[in-house]
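*Asks:* Heads up: the sequence lines are chains A and B, in that order.
If you're matching positions, the first sequence starts at 1 in the numbering used here and goes up one per residue.
If you're matching positions, the second sequence starts at 198 in the numbering used here and goes up one per residue.
Since the hints were made in silico from the structure, they are not lab data.
By construction, the Cβ of each residue, glycine as well, lies at the ideal position given by its N, Cα and C atoms.
You may find that some hints are simply not true.
What the hints assert, rightly or not - So, partial list: chain A residues that the calculated Cβ filter (under 10 Å) puts toward chain B:
id	residue
1	Gln48
2	Ile70
3	Lys71
4	Tyr79
5	Asn85
6	Val137
7	Arg146
8	Phe190
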Amino acid sequence: MIRSEKISLSIGNLNLFKELSFTIERGGNVCFAGPSGRGKSSLLKMLQGYILPDTGRLEINGMELNTGNIKGIRSIMAYIPQNINLPVTDGSELLKLISDNPQKEEVSHIIENLGMPAGMLSHRFDEMSGGQKQRIVIAICLSLGREIILLDEPTASLDNGSIRKLMSVINSLNNKTVVSASHNAEWIQFAGKIIEL
Amino acid sequence: MNDTADIGIFDLAIGFSVLAIPLLLFLYYRIRLVKDLFISVIRMIVQLMLVAAYLEWIFEMNNPWINSLWVFIMVLIGAGTIVHRIGLEWRVFIVPFIMAGLLSMIIIDGFFLGVVIRLDYFFDARYFIPISGMVLGNSIHHNIVGLTTYFEGLSKRKELYYFILTNNGNRKKAIRPYIQEALVKGLNPLLANMSVMGLISLPGMMTGQILGGASPVTAIKYQVMIMIAIFAGCTMILIMSILYSNLLVFDTYGNIKFSHKQPKG
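Turn these sequences into a full structure, and let the hints guide you.
*Replies:* Below, the structure is given as structure tokens:
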């Protein structure tokens, strides 16, 4: 469970959000929605502990966001970034970088469910479209089997068909908490709960 | 073996006359390097004359404290040059780079002078200063390349770092690709240099020893050892500079918090 109590964040003179409170239940599917520059991505960074709230309290699975708990908090998270142009050759290399026990078969299975051949994991990223890369990164992160999945603009490079396949994969996850940031109407509708920023 | 044939003042002047060739080419092609050429040559002469003067004094004294102080000054200058060339903040990075240089020199000098050459007098200026100087001098260029690669990678391609840090949770694993890249780019030229030694490049130390009257076999043994010392030293200084800097460039949440200006030309 993720619980925020009256958290506020400002960057410079810009107030991104003020006294924001929400609760995300285990297994929930929540989307931070709103126009660009309102702090959706910053909120995802905050959940990972890279940004701290100016005021308020943030708790993840009963662990308050602080230096003592940060390792434990990150160990239950998978994060899929908006920028998928990561400086690696292919998905296999990326998988080895983030996983101590790479589950290649599991990644291949997810890649197929996302509508691509399993062998794409070892295809060069520089020969792929943005949408293909994004699905590979998503498959790798989901294969980690983490309890909380954070997705920043997951539909950014995907066509409608691929978005639906991704929704189907997300729906098939058992007991995972999905937290996303998006301004895509179809994705926002897909989320069980919307937190407007 | 005979002593090295001395070069007289008149002969030195004749030697300088060969600079007329590049000078004429610069003038003919209107390349604006004439002033730089004069400044560089004059600087070289003045610096080497000063070095000759104080090295002669240092060699005469041959005092362990003075010799160690001299190596310490070389480490300071090396660390300062690296911080300046990479465009990092002095107050943050100078101490880690000095630490890396000092510790590496203690290990390298300790091993090569104490274990390999087994000098009766460990701090003998004839060995202690030139060997330390060759390792430190060579490490500057390779460290600048390696550390620039590392810090530029962390500042310009930080997405991968944060991606690994969240998804794996281990900061050591998150910085590993950047360290790998730094070591490859920093040390590759040195490996290439070693592999063509004797074929394309004639090593200065070996040539100097032969000119100084040593037997070629002894000169080659020293050259091989000094190349090993340089490679091991460069690797140690580079990796230690990175690891000591890492204590200061990340906050307790793993955020990258250093600032990096454009490296100097």
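*Asks:* For each hint, tell me whether it holds in the structure or not.
*Replies:* Going down the list of hints, with the structure as the test:
no.: 1; hint: Gln48; in the structure: 5 Å, holds
no.: 2; hint: Ile70; in the structure: 6 Å, holds
no.: 3; hint: Lys71; in the structure: 6 Å, holds
no.: 4; hint: Tyr79; in the structure: 4 Å, holds
no.: 5; hint: Asn85; in the structure: 8 Å, holds
no.: 6; hint: Val137; in the structure: 8 Å, holds
no.: 7; hint: Arg146; in the structure: 8 Å, holds
no.: 8; hint: Phe190; in the structure: 23 Å, violated
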